[in-house]
Amino acid sequence: MNTNPHNMTQSIFTACPECDLLLNPAEPVVGDKAHCPRCGYLLQRPRKQSIERTFALSVAGLILMFPANLMPLVGIKMLGGAKDGTLWSGVVALFDEHLWGVAVLVFLSSILFPLLNIILSLLISAHLYFNQPNRHLANWMRWLQHMDEWAMLEVYMLGIIVACVKLSATSELKFGFGLYAFVALLIVTGMLASSLDKVLFWRQIGQLRK
Amino acid sequence: MKFKKTALAQGFIRCHDCGCLSKQADKNSHCPLCGGRLHPRRPNSFQRTAALLLSAFCLYIPANIFPIMTVTRLGVGEPHTIIGGIMALIHGNMVPIAMLVLVASILVPLLKLLGISLLLLNVHYRWQAHAKKWTILYRIIAFVGRWSMLDIFMISILVSLVDMGGVAQVIAGPAATAFAAVVVLTMLAAKNFDPRLIWDNQR
Numbered sequence: 001m002n003t004n005p006h007n008m009t010q011s012i013f014t015a016c017p018e019c020d021l022l023l024n025p026a027e028p029v030v031g032d033k034a035h036c037p038r039c040g041y042l043l044q045r046p047r048k049q050s051i052e053r054t055f056a057l058s059v060a061g062l063i064l065m066f067p068a069n070l071m072p073l074v075g076i077k078m079l080g081g082a083k084d085g086t087l088w089s090g091v092v093a094l095f096d097e098h099l100w101g102v103a104v105l106v107f108l109s110s111i112l113f114p115l116l117n118i119i120l121s122l123l124i125s126a127h128l129y130f131n132q133p134n135r136h137l138a139n140w141m142r143w144l145q146h147m148d149e150w151a152m153l154e155v156y157m158l159g160i161i162v163a164c165v166k167l168s169a170t171s172e173l174k175f176g177f178g179l180y181a182f183v184a185l186l187i188v189t190g191m192l193a194s195s196l197d198k199v200l201f202w203r204q205i206g207q208l209r210k
Numbered sequence: 001m002k003f004k005k006t007a008l009a010q011g012f013i014r015c016h017d018c019g020c021l022s023k024q025a026d027k028n029s030h031c032p033l034c035g036g037r038l039h040p041r042r043p044n045s046f047q048r049t050a051a052l053l054l055s056a057f058c059l060y061i062p063a064n065i066f067p068i069m070t071v072t073r074l075g076v077g078e079p080h081t082i083i084g085g086i087m088a089l090i091h092g093n094m095v096p097i098a099m100l101v102l103v104a105s106i107l108v109p110l111l112k113l114l115g116i117s118l119l120l121l122n123v124h125y126r127w128q129a130h131a132k133k134w135t136i137l138y139r140i141i142a143f144v145g146r147w148s149m150l151d152i153f154m155i156s157i158l159v160s161l162v163d164m165g166g167v168a169q170v171i172a173g174p175a176a177t178a179f180a181a182v183v184v185l186t187m188l189a190a191k192n193f194d195p196r197l198i199w200d201n202q203r
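Quick mapping for you: the protein sequence lines, in order, are chains A and B. Quick note: the first sequence uses my numbering, first residue 1, plus one each step. Quick note: the second sequence uses my numbering, first residue 1, plus one each step.
Some hints here could point you the wrong way.
What the hints assert, rightly or not - Just a few of them, taken from the derived set where beta-carbon distance is under 8 Å, the chain B residues facing chain A:
1. F12
2. G19
3. L102
4. L120
Note that these hints are calculated values from the structure, not bench results. Beta carbons: idealized from backbone N, C-alpha and C, even for Gly.
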């Protein structure tokens, strides 16, 4: 162990984030899971080629973001009128009804945070993949972790399903290409979340800093 | 070699962000790995969680009393509360979807409000039994929180799709803002609660 300018020393031990039990660092192999022996918290679940997969999946996610956001998700035909809905039109409609708080929340959780999530994953994994140190890496990783739970594409998908079932009785529905892109994006972000091994990423970021 | 003691009791602080464990030196120190500010526990965890929870409780009442959306068909408006919307689904023979909405917009917020209250009581009165089960309750609350947004997203989609002027229109109601605030406040409350407080009290 070496001393550093902050007068803090990094310990060889680790601690469980949910019960603070002092532990020897578990080094699980791919396919294994490390749980806290006291509270059962999932400490680490290593993934095969975590950095490479995160890199590839975030590129795929970034590409899918465009059709999923720009093309109509669901179209409706009702009593002679027709209308297409995109992610953005939902936000605008709420804004027009002066529910700006809800509109901002929907915008953040269905458009901005998923996008930032993918961009940050791409930036971090690209830097780790090419071994490029960057002084913002730790900040990006921190933002990514805080933003994670506010990106709610899968909840939005459920919202689309419920809305469609409600409308199906009275109107004719048409699924747009955007919806297929949205489903693909959902799968990619799900895989992205499971391929990103936070413990490994932080360890690599720490090594690049030295 | 296994310690049955918390890391803090041994003089170690775990970084909230990167998980790096470092020896406690003085206050206002930074993590040697990621440079983030170190706190032994989430700062003012109990007070912040209690304040957010109280606000959520207050907003839960308007969220359920006021109409969350108004469905207008051929000029006749029909306001729905959250429960009214579920009733309408049941009458329309869409029971599975009604159950889904019931779970996401009634049961989950209630579970969160009551669950976080119980967790706070647990920490305040230093309950000794079943620390692991309380931690699991915390994990469930933190996991299900986001799914209550279902109703908000559904309204956003309905409002944008069903907009045919006087023929058919869906207008979001005042309860939508209150309900969205309940969801966000309870998510923040769960995020601010530090489950390690449960374990600190164990003897």
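Right, here's what the structure says about each hint:
1. F12: holds, 6 Å
2. G19: Status holds, d = 6 Å.
3. L102: Interface hint status for B:L102: violated (11 Å vs cutoff 8 Å).
4. L120: violated, 17 Å
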